[in-house]
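Between the sequences and the hints, there should be enough to build the whole structure, so can you do that?
Everything in the sequence shown is counted per this note's numbering, starting at 363 for the first residue and increasing by one.
For the record, the hints were derived by calculation from the structure and aren't laboratory data. Heads up, a few of these hints could be off.
Taking lysine-lysine pairs in the DSS-like style, the calculated list, with each CA pair at most 27 Å apart, reads [what the hints assert, rightly or not]:
1) LYS412 <-> LYS453
2) LYS453 <-> LYS407
3) LYS448 <-> LYS483
4) LYS450 <-> LYS472
5) LYS469 <-> LYS483
6) LYS450 <-> LYS463
7) LYS425 <-> LYS463
8) LYS483 <-> LYS425
9) LYS446 <-> LYS463
10) LYS425 <-> LYS450
11) LYS483 <-> LYS407
12) LYS469 <-> LYS412
13) LYS472 <-> LYS448
14) LYS425 <-> LYS412
15) LYS450 <-> LYS484
16) LYS412 <-> LYS450
17) LYS484 <-> LYS448
18) LYS463 <-> LYS448
19) LYS469 <-> LYS453
20) LYS453 <-> LYS484
21) LYS446 <-> LYS484
22) LYS448 <-> LYS425
23) LYS483 <-> LYS472
24) LYS450 <-> LYS483
25) LYS412 <-> LYS484
26) LYS453 <-> LYS472
27) LYS483 <-> LYS412
28) LYS469 <-> LYS450
29) LYS407 <-> LYS425
Each pair of labels, with its calculated beta carbon distance range [as the list claims (entries may be wrong)]:
30) TRP430 <-> PRO473: 30 to 38 Å
31) LYS469 <-> ASN440: 29 to 37 Å
32) THR464 <-> GLU418: 37 to 45 Å
33) ILE442 <-> PRO473: 17 to 25 Å
34) LEU405 <-> ASN440: 18 to 26 Å
35) ASP486 <-> GLN460: 20 to 28 Å
36) TYR497 <-> GLU477: 31 to 39 Å
37) ASP486 <-> ILE408: 26 to 34 Å
38) GLN409 <-> GLN460: 30 to 38 Å
39) ARG461 <-> ASP417: 16 to 24 Å
40) GLN460 <-> THR406: 32 to 40 Å
C-beta: ideal position from N, C-alpha, C; glycine also.
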Amino acid sequence: MPVKCSDKNNPFKNPYTNPRGFDISKYKKSKISKINNHRIRDLTKIQLIKLNQCDELTPTQEKHMAIWWFSFYCFGVNLIDIAKLKYKHIKDNLWHYQRYKTGVSSKDGKPLLPEALEITKKFDTKPTENKANQYVF
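Right under this line is the structure:
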């Protein structure tokens, strides 16, 4: 025989038996209040243009900036996936790769913008026989 639970101990909100049950909205409000209002959420178009025109960079900073721009042009691809990018993964302006975090592979490939392809060509300075297995970055 099933045991009935008392409506008084039911934590879930129910208009018939427990109208003042557990309410998650109070937790959402407390998290919102803890967010730093001075945090930069998105760069403006002017800030992006200034960042792209920055000339006074060391070679290391230039490489890091190129990786950031590549992620930007790929709509925020994870950096671990960019680190594992090889020249053999790029075919016909499409990036065929397997996501490191989830293991899901892109069947059709991720289209690369011309700006992202320019970045990969910029780092293509090592003429070797087995270029397909070389990492881009």
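Item to check | Broken hints, by number | outcome: Hints 1, 2, 12, 16, 30, 31, 36, 39 not satisfied by this model.
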